[in-house]
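Chemist: Could you put the whole structure together from the sequences, leaning on the hints where they help?
Chains as they are written, first to last, in the UniProt record's numbering: chain A, 1 to 119; chain B, 1 to 274.
Keep in mind that a hint or two might mislead.
Keeping only pairs whose Cα atoms sit at most 20 Å apart, straight-line, the calculated EDC-like set for lysine to aspartate or glutamate is [unchecked claim]:
id	chain 1	residue 1	chain 2	residue 2
1	A	K20	A	D34
2	B	K60	B	D122
3	A	K20	A	E86
4	A	K31	A	E97
5	B	K260	A	E93
6	B	K260	A	E86
7	B	K260	A	E97
8	B	K240	B	E229
9	B	K46	B	D145
For the record, the hints were derived by calculation from the structure and aren't laboratory data.
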Amino acid sequence: MAPKSSAPTQQTTAIQTLWKAYNEQTSDRLKFIDAFLFFLMLSGIVQFLYCILVTNFPFNAFLAGFSSTVGQFVLTASLRSQVNPENKNEFKEVSPERAFADFALGSIVLHFFVYNFLG
Amino acid sequence: MFSLIHLLLLAVSAQASLLTLQSPRFSVSDPTGTQIRSEPVSLVQKSSTPVNLTANNVLKLTFQVVDKETGKGVQPHQTFLRFYDEQSGEEGIQPVRVTPGGKAKFELNLARPPLSLPPTTDAPLKVSLIIGSSQYSPLSAELFDLILPLSHPAPVHPDEASFHVLPEIKHTFRPEQKLPPRVISAFFAGLVVAPWAVLLGLWSQISPRAPHLFSPSILPFVLSLGAFEGLLFWYWVDLKLGQVLLYGTILGVFTIFTGKQALASIGNRRLNRK
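Modeler: Right under this line is the structure:
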């Protein structure tokens, strides 16, 4: 790993190395899930900014939307960590299919509660 | 049967004995003892002039209750003096003690008035005598009118002040919350939708393969998941809670089967390849 440096002569910084390694070493499926995670994060941040900057008037709507992004992020992150082949030793008793089934069930329950609260 | 009893009672009362008063008399005297007014009382006709009592006067009423035919003294079961105010409708009942021989004496001393006197109004009190007995037919006679001095106002209860209507509560409410102006709303709506564009762009770049997505073992599962999402959206728009739970349970049972099938096939494929 290249040491962290800010000298202009070094072409690569640690972040660039990290990004390069990520791009090369992560499978497409995991990248697919990561894109979804990134999307969820952006969505949650934008909603939160709106609530702070403009108004929290339909407060239940804000809570429903924000918690939907946060909850979905948690579920997807756990799916990603359980499905990753490199983590197989951590999750011996949970097969990737079981992880996906849990993810699906959790998502549906989350969506139900969010729709309930959305009003 | 009922009317027969009525007839019997009527017959009995027609035969019942009558009571009368012997030498009924009332007198008004002042504290020193001198008599201001003294008259006999008639049962048939009310006394024409009302009795005027001023403070400290004493009204005495004496009579003897006798059987009309035999003239013997009778002690009736109930002997009352009724003070009735026509204007206010109040009445006071004062029992009169009668000796076994039938003699009765009633004294009204305004220095210590009986509690049963109603408060004084402009109209005079009608005083009547009511006698009840089980062996004789009842007797009720108006004796005279009574004019009393003004009564004191009723004493105020110490807790009186707390038994009145409290002032009406005027609630103040927070002003209604308003939506922000449409421009800002539209701008932020666009901003919130923007991450979807980011997601679609990223996904198009990555585009992982799903080779067996539409195979018959997996497709039903995907479709039932999609159906769940559709059901929830329908619930948001239209359905009630009970309905969505019912449909969700049915769909859930279906999804369990398709899911088992789909995930088992994927797992087998993964393990076989490994």
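Chemist: If a hint holds in the structure, say so; if it doesn't, say that too.
Modeler: Going down the list of hints, with the structure as the test:
1. K20/A x D34/A: Given that 20 Å is the threshold and the Cα spacing comes to 15 Å, the pair holds.
2. K60/B x D122/B: This hinted pair is violated, its Cα atoms lying about 23 Å apart.
3. K20/A x E86/A: holds, 19 Å
4. K31/A x E97/A: holds, 18 Å
5. K260/B x E93/A: holds, 17 Å
6. K260/B x E86/A: Measuring from Cα to Cα gives roughly 25 Å; hence the hint is violated.
7. K260/B x E97/A: OK: K260/B and E97/A at ~9 Å, within 20 Å.
8. K240/B x E229/B: holds, 16 Å
9. K46/B x D145/B: Given pair K46/B, D145/B holds - Cα atoms ~8 Å apart, limit 20 Å.
Checked against the numbered hints above, the structure breaks hints 2 and 6 and satisfies the rest.
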